[in-house]
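S.K.: For the sequence shown, position 352 (counting from the first letter as 1) is numbered 352 according to the numbering used here, and the numbering increases by one without interruption.
Do not take every clue at face value.
[Said to hold, decoys possible] Derived SDA-like pairs: lysine to any residue, alpha-carbon spacing no greater than 20 angstroms straight-line:
#1 303 x 333
#2 255 x 473
#3 288 x 269
#4 234 x 286
Since the hints were made in silico from the structure, they are not lab data.
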Amino acid sequence: MEFLSSAMLWGVCAAGLPLLIHLAGRAKPVIHRFPAIRFLQRSQRSSARALRVKHLLLLLLRMAILALLAFAFSRPLFPWRSSGMKGHRVGDFVLVIDASLSMQYRGLEEVRFEAARQAALDVLDRLADEARVALIRAGDEIEPVQGRLTLDHEAARVQIRELQPTFGALEVGRAVDAAWRILERDTLNRPRAIVLIGDLQASGFQRLAQYGMKRDERERPALILLDVGDPDAKNGAILSVRLPGASVPADETVKLHARIRPLTADRACPVDLYLDGIKVGQQLVDPKGQSEVEAQFVFPAGKPGMHSGWLELGHNDGLTADQRRHFTYRSGRPPRVLLVERRDGSQDRGTGFFLRAVLAAPSMVSATGLALQVCGPGELDATLLSQQRCVVVADAGALSDAAWNALETFVEEGGGLFFWLGPRTDPSTVRRHGFSDVARFHGLLPGRIGERATFASPLPVRVESPEHPLLARFPASVSALWQDLRVRSCVRVESDPKDRSVGIPLTIGERMPLALDKTYGRGRVLLCTLGPEDTDSDLVRQGEVFVTWVLEACRWLAHQDSEESIEVGRWVSRPLTDVPDDGLVTWFRPGTLEPRTIALEAPVDAEPGKALVRNRLVTPRLEQPGLHSFRWSSKAGVTCEFLFAVNVPARESDLARLSASDAIRALAPWPAAVVEDLDEAPLFRAESSGRCEFPALLLLLVLALAIAEGFLANRLYRQVEQVYEEPTRE
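All chains, full assembly: derive it from the sequences and hints.
M.R.: This is the structure:
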């Protein structure tokens, strides 16, 4: 109920005036003994009880008149529903239920997903038997639970009650597009509507344009967003965990960097570190008014082998799935990075002098998990490359054909190549082997090499892709220093715009590539169009930027950035070295005691005609966050294990919501409406519910009560007169 003049409700207090007057008039009388009054007292006793009841009724009538009068002047609005509202709406309806991670948030009353299921059942209650319905569960994957329009409402109710939330992220565009396709598949001349039941999480509205939001001018069905979210919800989370690499040196200390969102920005929160199931540390993280904060933990790597652990927030909130973040690593002998440089007569000074200073630093192994080895261009061969994880070619001059062939095979099999183009690089050999002009851009290196260019005035560096894996891990203080760099000369490189595997994170001038990367086979290649010395640019002089750039590049190229951490809902493909005889691997999932057996698959690039060796582990979708273990027995009888840390998407832990107006604006040109109750939806409002104002009826009721009060007061007055007249006649 609502009131158009709610201030008039204060008039209800006037209903207490008759009671106050009545109580004030009940003064205790002074008793005088008078014998002649005995006849009057005897008559009053016989009718005192009836008079008391009538007096009380008269008092209540007067109070009710004043209260109803104030109630009428406040102009109340009464909700009403027509007798045929339940089950009246005819048409085609697709119910889309948000099943993303944020729907697991438990508010003060219930879990959001439970509220969404109940709202979906309420929608079915409002539909006529002739209405057709379909059902979609929208999470990381769009699951058409009932993918065709059906008249079987009872089956839809059963499916709704059986739905469970997921740990993935919702994309509103994909969900609405899937619902639209269901409606288009079977079209009748009747109303159509999509009812999306969710919490208006902002992350779900980020990529609407890619999924048909503006694809053509067809008549769109009505879109109703039923909001079951809580605008005041707060959530703390472990957003990310970063190790130096997937492999770290055994029996040395490891630095773990974490990004944390405390529950509140003004109070410190405890964070616990667990390693191999044992709590090994705790840190009190003070956000100091920031919504997110960085924290660092130091712990021993442990004995050689596979290790797992997790960080956990020490407080609870409405969403517990993101309060723990798992990680895995392997300790042992660190993998190596090979630096190929050309000597200039001095053993200390060479083309890779500054790179060697970074990679050979004592903190190099603990920072990247990689150990350094140095060689000259004439020593580069397949045998040496087989011992490396990453190769850095530091303007090493001309390389032999055998060296180029070995590099191509090395990268194709999963290695990383960091190639610097400097003044000593031979353009002809690079064009022939690295860029493969004949194959039109499809060589080992990204793009096509041009001539060396020198600029009259140094050009500034521009960051084209801040989200690139090489730049995303840069601290904010280091990222801001890129704009201070100046480039005096570089090699012009033209990239192929049709090659989607090529990325350009850095440019100079008018988008001239400064750094290019590509995927080649199972490996990665990073090309820098300037030399690694201080003659081409100020990069080397900006020590903090240069060191961070080199370390992050080597870590990324050596696949030390993976940390075996996977988002929930993804699948993993890994080659195995010690293949089991039966080709079977046992999968142990978190939260269940029953293992599952998985058969290995043959490699995709297996040569035809040869016996297939099933040595590739392809997992199903990993739907549950936690540690997933895959174990098998090798031919030597040794138990081998792969550990995968599966975590919820960090973006889903942000419960920031869109307002109703912002959501409608994001969905344009859809005819969308955001409501918290179906009675507010235009599609249901016309015939299902309404609001009526009844001040006139209330005034008539006040008039009737006033007439009744006057009649009762008159009767009471006459009865009192009769009581006093009877003793007089006697």
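S.K.: Of the numbered hints stated earlier in the document, which are not met by this structure?
M.R.: Hint check: nothing fails, all pass.
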